[in-house]
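> All chains should be modelled from the sequences, with the hints used to inform the complete structure.
Residues per chain, in single letters:
Number of protein chains: 2
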Amino acid sequence: MKIKYNLLHKDLETKARYGNIETNHGVVETPMFMPVGTRATVKMLTPEELYECNSGIILSNTYHLWLRPGEDLIAKAGGLHKFMNYKRPILTDSGGFQVFSLAKPKDITEEGVHFKSHIDGSNLFLTPEKSIQIQNKLDSDIAMSFDECPPASASYEYMKNSVERTIRWAKRGKESHNNLNQSLFGIIQGGAYEDLRKYSAIETVKLGFDGYGIGGVANDGESKEDMYKAIDYSIPFLPEDKPRYLMGVGEPIDLLEGIERGVDMFDCVLSTRIARHGNAFTMEGKINLKNSKYKEDFTPIENSCDCYTCKNHTKAYIRHLVNSDEALGGRLLSIHNTRFLIKMMEEIREAIKKDKFLEYKKVFLEKYKNNI
Amino acid sequence: MKIKYNLLHKDLETKARYGNIETNHGVVETPMFMPVGTRATVKMLTPEELYECNSGIILSNTYHLWLRPGEDLIAKAGGLHKFMNYKRPILTDSGGFQVFSLAKPKDITEEGVHFKSHIDGSNLFLTPEKSIQIQNKLDSDIAMSFDECPPASASYEYMKNSVERTIRWAKRGKESHNNLNQSLFGIIQGGAYEDLRKYSAIETVKLGFDGYGIGGVANDGESKEDMYKAIDYSIPFLPEDKPRYLMGVGEPIDLLEGIERGVDMFDCVLSTRIARHGNAFTMEGKINLKNSKYKEDFTPIENSCDCYTCKNHTKAYIRHLVNSDEALGGRLLSIHNTRFLIKMMEEIREAIKKDKFLEYKKVFLEKYKNNI
Numbered sequence: 000m001k002i003k004y005n006l007l008h009k010d011l012e013t014k015a016r017y018g019n020i021e022t023n024h025g026v027v028e029t030p031m032f033m034p035v036g037t038r039a040t041v042k043m044l045t046p047e048e049l050y051e052c053n054s055g056i057i058l059s060n061t062y063h064l065w066l067r068p069g070e071d072l073i074a075k076a077g078g079l080h081k082f083m084n085y086k087r088p089i090l091t092d093s094g095g096f097q098v099f100s101l102a103k104p105k106d107i108t109e110e111g112v113h114f115k116s117h118i119d120g121s122n123l124f125l126t127p128e129k130s131i132q133i134q135n136k137l138d139s140d141i142a143m144s145f146d147e148c149p150p151a152s153a154s155y156e157y158m159k160n161s162v163e164r165t166i167r168w169a170k171r172g173k174e175s176h177n178n179l180n181q182s183l184f185g186i187i188q189g190g191a192y193e194d195l196r197k198y199s200a201i202e203t204v205k206l207g208f209d210g211y212g213i214g215g216v217a218n219d220g221e222s223k224e225d226m227y228k229a230i231d232y233s234i235p236f237l238p239e240d241k242p243r244y245l246m247g248v249g250e251p252i253d254l255l256e257g258i259e260r261g262v263d264m265f266d267c268v269l270s271t272r273i274a275r276h277g278n279a280f281t282m283e284g285k286i287n288l289k290n291s292k293y294k295e296d297f298t299p300i301e302n303s304c305d306c307y308t309c310k311n312h313t314k315a316y317i318r319h320l321v322n323s324d325e326a327l328g329g330r331l332l333s334i335h336n337t338r339f340l341i342k343m344m345e346e347i348r349e350a351i352k353k354d355k356f357l358e359y360k361k362v363f364l365e366k367y368k369n370n371i
Numbered sequence: 000m001k002i003k004y005n006l007l008h009k010d011l012e013t014k015a016r017y018g019n020i021e022t023n024h025g026v027v028e029t030p031m032f033m034p035v036g037t038r039a040t041v042k043m044l045t046p047e048e049l050y051e052c053n054s055g056i057i058l059s060n061t062y063h064l065w066l067r068p069g070e071d072l073i074a075k076a077g078g079l080h081k082f083m084n085y086k087r088p089i090l091t092d093s094g095g096f097q098v099f100s101l102a103k104p105k106d107i108t109e110e111g112v113h114f115k116s117h118i119d120g121s122n123l124f125l126t127p128e129k130s131i132q133i134q135n136k137l138d139s140d141i142a143m144s145f146d147e148c149p150p151a152s153a154s155y156e157y158m159k160n161s162v163e164r165t166i167r168w169a170k171r172g173k174e175s176h177n178n179l180n181q182s183l184f185g186i187i188q189g190g191a192y193e194d195l196r197k198y199s200a201i202e203t204v205k206l207g208f209d210g211y212g213i214g215g216v217a218n219d220g221e222s223k224e225d226m227y228k229a230i231d232y233s234i235p236f237l238p239e240d241k242p243r244y245l246m247g248v249g250e251p252i253d254l255l256e257g258i259e260r261g262v263d264m265f266d267c268v269l270s271t272r273i274a275r276h277g278n279a280f281t282m283e284g285k286i287n288l289k290n291s292k293y294k295e296d297f298t299p300i301e302n303s304c305d306c307y308t309c310k311n312h313t314k315a316y317i318r319h320l321v322n323s324d325e326a327l328g329g330r331l332l333s334i335h336n337t338r339f340l341i342k343m344m345e346e347i348r349e350a351i352k353k354d355k356f357l358e359y360k361k362v363f364l365e366k367y368k369n370n371i
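Taken in order, these protein sequences are the chains called A and B. Residue 371 is where the first sequence ends in numbering that gives the first Met the number 0, and the numbering goes up by one at each step. Residue 371 is where the second sequence ends in numbering that gives the first Met the number 0, and the numbering goes up by one at each step.
Since the hints were derived computationally from the structure, they do not count as laboratory data. From a predicted model like this one, the values you see are computed outputs, not experimental measurements. Incorrect hints may appear among the rest.
Identical chains blur together in the list; that is why a pair holds if it fits in one copy or across any two.
Derived PhoX-like pairs (lysine-lysine); straight-line CA-CA distance at most 20 Å [stated by the list, open to error]:
1. Lys310 <-> Lys81
2. Lys355 <-> Lys366
3. Lys159 <-> Lys228
4. Lys75 <-> Lys294
This is how it looks when you write it as structure tokens:
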């Protein structure tokens with residue numbers, strides 16, 4: 000079964016939408032933050048810990064799983080869900096972003112991308128068809144089209160050619176897709192150029208996908224303004240009855256700005272990556288547990304938080320773990336940060352239902368002063 | 000309250016004993032394997048995961064906690080139990096072993112040991128009184144006397160002087176001990192010298208402790224024969240109504256040999272350390288998940304195992320995590336290995352109750368062929 004997006008309520012004041020997505024692994028509500036499990040594991044966490052965070056869809060990565068352990072092994076295991084024992088929906092990224100960010104040098108041709116493995120330097124070649132075939136075997140609920148992610152610094156000319164090629168790649172990928180239980184999303188590119196985003200959106204929608212990603216906003220170098228422009232220029236041309244996914248975005252402020260503009264899905268490694276460096280999201284902004292002010296702080300990261308970490312451990316203890324390079328520290332912070340973003344989404348969904356999204360955003364940002 | 004050891008059954012054929020220990024944090028059964036939480040954390044695992052492994056006492060370390068975060072901070076937190084949120088009993092090692100194994104160079108005087116911190120190289124001085132004072136503040140259920148751990152290669156003359164000093168240190172530590180809720184164990188040293196072990200045991204028992212450690216068997220260089228001799232030479236002089244603790248030992252074969260000789264308690268970092276390198280205990284011996292033969296093995300580490308890891312994940316998946324340096328791999332293996340040793344102890348206790356320890360040992364060793 001393909002996914003089905005149900006638009007359940009539109010905020011009266013903004014483009015924010017409340018809805019849900021029916022999948023082969025349950026119904027999940029939107030707007031939604033998707034934790035990232037690049038290598039078939041959300042770093043340090045078990046599936047049960049993710050369920051306890053009320054995770055919906057999680058994201059995994061075609062490029063990484065292709066290289067190791069290989070899509071055929073995962074197919075033999077019965078697909079990615081069985082391999083990693085995650086019982087809720089999984090979305091796989093196409094590998095496009097990773098090829099352009101991790102694997103250098105690269106040679107982009109009409110056929111695909113030649114590059115070297117970031118693991119052993121071997122020569123690899125990824126095409127739109129190959130990316131889709133890998134994802135078909137991984138058997139994720141949602142596959143993404145293979146796209147080019149040009150940097151923000153790309154010239155108009157380069158970006159225009161790239162957008163056109165990405166559309167041709169999306170068409171080729173769609174034609175080679177042959178997993179009836181897997182949905183496929185197209186990806187809108189075009190940088191911060193209004194006409195290119197519009198062109199990309201219109202042409203990609205013409206091909207007919209089950210949902211649409213807005214890409215190219217989370218490379219290095221894009222400003223927040225560029226990100227918001229990319230959304231504003233794309234959204235008007237996307238169908239209302241399909242989910243919209245802002246790729247690689249996970250800062251609380253950006254989740255709010257994205258949702259206000261009509262985005263339904265987000266993913267980001269940020270919540271678990273900053274955890275491994277001792278950082279926690281709080282309603283008062285990001286904090287670093289290494290700070291000496293938490294040395295004798297025997298209170299939870301957040302008194303109001305319902306996560307395992309806040310129910311069981313103090314800042315002083317987590318600080319000790321982080322300072323001692325004890326993995327439990329990063330694990331406890333990963334749980335908290337993941338729950339923080341998912342809980343924020345729960346609250347936002349309630350706010351949208353009551354047409355109070357802007358009020359929620361205002362109250363949130365008044366408290367969340369730092370590091371926005 | 001001090002601990003109370005209850006000897007409940009003696010095996011008819013060997014010196015193996017079944018019993019329990021009443022503590023301020025519950026009653027625990029012996030023989031028992033104690034997982035090691037050196038820095039106030041059993042590496043990667045939460046207290047709940049340890050409870051699920053049916054952990055009893057866990058061990059933490061005076062030397063490490065003294066250096067970081069400091070015993071005063073832990074006292075302010077309300078003691079080590081509250082600091083790390085472990086609700087079952089905790090035993091703290093005295094720091095003696097770590098001073099002699101980690102901190103070099105060192106200068107041993109009658110007063111104590113001068114050495115350099117393994118963290119920042121600063122000059123430190125640890126005495127029997129200081130070790131006990133730190134442990135009093137940590138408020139563990141069981142503190143250990145500060146001892147010298149000479150290497151197996153030490154001469155008889157050196158070992159004799161060391162044993163005599165360790166006895167004087169035990170007396171000084173006991174006199175400075177002032178936590179009424181904490182029990183204190185003495186430690187028997189003397190290497191593989193029969194008369195020194197006997198002397199150490201008799202003189203240490205004269206001082207009157209709540210239990211007795213047998214030390215100096217898990218430095219580098221001791222043979223298994225030396226370990227078994229150390230136990231055989233010490234046990235006859237230890238009182239029946241106090242627990243005996245073989246320090247730093249955790250290989251399955253050594254647990255069996257120790258229990259057969261009358262030991263009640265064991266601790267070892269092995270189960271979690273080998274986990275982080277991809278190894279698992281099984282009834283058929285130790286296995287390394289990196290081995291290519293597990294690449295497509297979609298069965299649990301052990302079908303018969305009741306641990307979280309075996310109930311939820313396959314060897315192929317764990318192998319992928321280990322090969323990808325994903326922390327979840329070491330975590331899942333740590334759970335399995337900890338449960339393996341604790342489950343083995345449960346089975347041994349049942350065997351002793353039925354006077355079938357030797358039969359259990361024989362059957363176990365017939366299967367456990369490798370890496371003994």
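> Under the constraints set out in the numbered hints, which ones does this structure not fulfil?
none
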